[in-house]
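S.K.: Below are the chains, spelled out letter by letter.
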Amino acid sequence: MVPEAKFGSYYGRPVLKPPTWKTPDVPVYMFLGGMAGAAASMGVLAELTGRPALARVGRFAAAGGAAGGTVFLIHDLGRPARFLNMLRTFKPTSPLSVGSWILAGFGTLTGAAAATEVTGWLTGAGRLARYGAAVLGPAMMTYTAVLFADTAVPAWHEAHRQLPFTFAGSALGSGAGVGLIATPPSQAGPARVMAVAGTAMELVAERRMETRLGLAGEPYQRGRAGRLMRAGRALTAAGALAAAVSGRSRAVSVAAGLGLLAGSLVTRWGVFEAGRQSATDPRYTVVPQRERHAAR
Amino acid sequence: MSNHLSGPVEDVTGQSGYPAGHPPRMGFFTDTSVCIGCKACEVACKEWNLVPESGMDLLGSSYDNTGALGADTWRHVAFVEQVRPRESAPVDLGMPAVGRPGGQEAADADRDVTWLMASDVCKHCTHAACLDVCPTGSLFRTEFGTVVVQEDICNGCGYCVPACPYGVIDIRAGDGRAWKCTLCYDRLRGGLEPACAKACPTDSIQFGPWDELRGRAQQRVDHLRASGVPRARLYGADPDDGVGGDGAFFLLLDEPEVYGLPPDPVVTTRDLPAMWRAAGVAAATAAAVMVAAFLGGRR
Numbered sequence: 001m002v003p004e005a006k007f008g009s010y011y012g013r014p015v016l017k018p019p020t021w022k023t024p025d026v027p028v029y030m031f032l033g034g035m036a037g038a039a040a041s042m043g044v045l046a047e048l049t050g051r052p053a054l055a056r057v058g059r060f061a062a063a064g065g066a067a068g069g070t071v072f073l074i075h076d077l078g079r080p081a082r083f084l085n086m087l088r089t090f091k092p093t094s095p096l097s098v099g100s101w102i103l104a105g106f107g108t109l110t111g112a113a114a115a116t117e118v119t120g121w122l123t124g125a126g127r128l129a130r131y132g133a134a135v136l137g138p139a140m141m142t143y144t145a146v147l148f149a150d151t152a153v154p155a156w157h158e159a160h161r162q163l164p165f166t167f168a169g170s171a172l173g174s175g176a177g178v179g180l181i182a183t184p185p186s187q188a189g190p191a192r193v194m195a196v197a198g199t200a201m202e203l204v205a206e207r208r209m210e211t212r213l214g215l216a217g218e219p220y221q222r223g224r225a226g227r228l229m230r231a232g233r234a235l236t237a238a239g240a241l242a243a244a245v246s247g248r249s250r251a252v253s254v255a256a257g258l259g260l261l262a263g264s265l266v267t268r269w270g271v272f273e274a275g276r277q278s279a280t281d282p283r284y285t286v287v288p289q290r291e292r293h294a295a296r
Numbered sequence: 001m002s003n004h005l006s007g008p009v010e011d012v013t014g015q016s017g018y019p020a021g022h023p024p025r026m027g028f029f030t031d032t033s034v035c036i037g038c039k040a041c042e043v044a045c046k047e048w049n050l051v052p053e054s055g056m057d058l059l060g061s062s063y064d065n066t067g068a069l070g071a072d073t074w075r076h077v078a079f080v081e082q083v084r085p086r087e088s089a090p091v092d093l094g095m096p097a098v099g100r101p102g103g104q105e106a107a108d109a110d111r112d113v114t115w116l117m118a119s120d121v122c123k124h125c126t127h128a129a130c131l132d133v134c135p136t137g138s139l140f141r142t143e144f145g146t147v148v149v150q151e152d153i154c155n156g157c158g159y160c161v162p163a164c165p166y167g168v169i170d171i172r173a174g175d176g177r178a179w180k181c182t183l184c185y186d187r188l189r190g191g192l193e194p195a196c197a198k199a200c201p202t203d204s205i206q207f208g209p210w211d212e213l214r215g216r217a218q219q220r221v222d223h224l225r226a227s228g229v230p231r232a233r234l235y236g237a238d239p240d241d242g243v244g245g246d247g248a249f250f251l252l253l254d255e256p257e258v259y260g261l262p263p264d265p266v267v268t269t270r271d272l273p274a275m276w277r278a279a280g281v282a283a284a285t286a287a288a289v290m291v292a293a294f295l296g297g298r299r
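Protein sequences, first through last, are from chains A and B.
Letter 119 of the first sequence, counting from 1, is numbered 119 in the working numbering, and no numbers are missing.
Letter 188 of the second sequence, counting from 1, is numbered 188 in the working numbering, and no numbers are missing.
You may find that some hints are simply not true.
Claimed, not checked - If you only want the chain A side, here are some residues facing chain B, beta carbon under 7 Å, derived:
1. V15
2. K17
3. M141
Since the hints were made in silico from the structure, they are not lab data.
On a predicted model such as this, the values are computed, not experimentally measured, just so you know.
Idealized CB from N, CA, C, for every residue including glycine.
Excised from the complex, chain A in its bound form (with noise of 0.2 Å):
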């Protein structure tokens, strides 16, 4: 527990603004596009081994992901008839900008493979938007991370090092937990490795964050934050649990994925709200800054 520190501020508000994204839209979106990452590549990795169910229900959720995340960006903006303008220009110190262009070509090519799934038209043209979906489909997992990471909320910024492990491991969890429901359990094994393997990269990375940037990391064990990031975490490790040993049972393969899922949303959920926390009080932003000051 790090000590509570005297601080000065102004009448005790706060230095920084705290961000007016909206919820659930941009939580939503971030989960609904770590997911649809996950599940592209997922869906071409089983293609390309003998997995057509699995492979079949990765398309889907990454096409349904990316167009469910699109409409969740859209709605959070200030003017959402003005979204256009986010492609107007290409600026790499922007990460809402490269993610805006990540997010404009994997929608369009698992569109476009989804398209050709369900028409039977252009199967050719169909593979290779399958194909270049997957190969964007890690990035998709953690642009977000970048996105919350490049700002001067203490809580989010101080983690620009494990933020993007948190949520390519809470993307892999939630993109297993769709294959998992979706798909008979003799073709979901990867699945349940990726839950596990994925589970296993969040918790790491949560757990560093906790413990690794003093004063920023505490927002993330208290108040709502610190509820919303307990029951994330419950959720994902039962998850993961119950793929690891659902074996041939369908049931507690769904049990798994609904789990999975939950908890993925939910961290996204406690992320947000632990940046908005550590935005809200002065004391995140003066007391380190006033530490460093003081040590040079």
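Keeping the supplied structure of chain A fixed, place chain B upon it in accordance with the hints.
M.R.: Chain B only, in chain A's frame:
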């Protein structure tokens, strides 16, 4: 060193792509030691820029019922009331007084109440995080080296809001777009000084070429320190600080956080390469996990 993401920059305007012969970088030097808290700057800014009203609340913070900078407040006068142990004996002005017979002993005879007043504004950073993270290009660097939102382009994504290390820019309620001080871009283009500087009766707000203002600020802080104000210090005037120096900087009489300013702000994009590296490693790890799950696992 080009210092695109952090560090000192010789010519921030030129680095943004303006050809040689562009105007000099313009800025504000806000000398809070002569601020009288009249709020003429707040009013002039609202009037000139047609900034909507920002609420009529009693905030319980001395004479400050404005609170903080935001989408609808581009100049904010802070009032800091401090009670300190008395540093020197009070000077008897020989004024007639009322009170109980036999003396003027008040309860706070051994302490002083001091007032600090300061007019805060957008810092127009050398490395402006709001500008860096804006995905649409709505935020841009003007030919004067200032940072301005193009309201016909902003789509209200809100990324600039948590990116600003000073908590300046915000989304305007009911409008959906991000708004902040433009350093009166329209007035500058017309050869005028910004409305707040024009209205300031004590020249607490000084407008001019950045280099000249920094020289003037250094002289002022040296003078104050030599005249017995050891707490005087410049804030945001150092090109080696975390944001490469502020286009709008300050002379303060106490620690920055007392005025609601961050003591050691750093532009978030300084760490952007490290962030993308971490994301790249995480993405590669996730890809490897998936490949291993499919190649190594049983069916």
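S.K.: Please write out, lowest number first, the hints stated earlier that are contradicted by the structure.
M.R.: none
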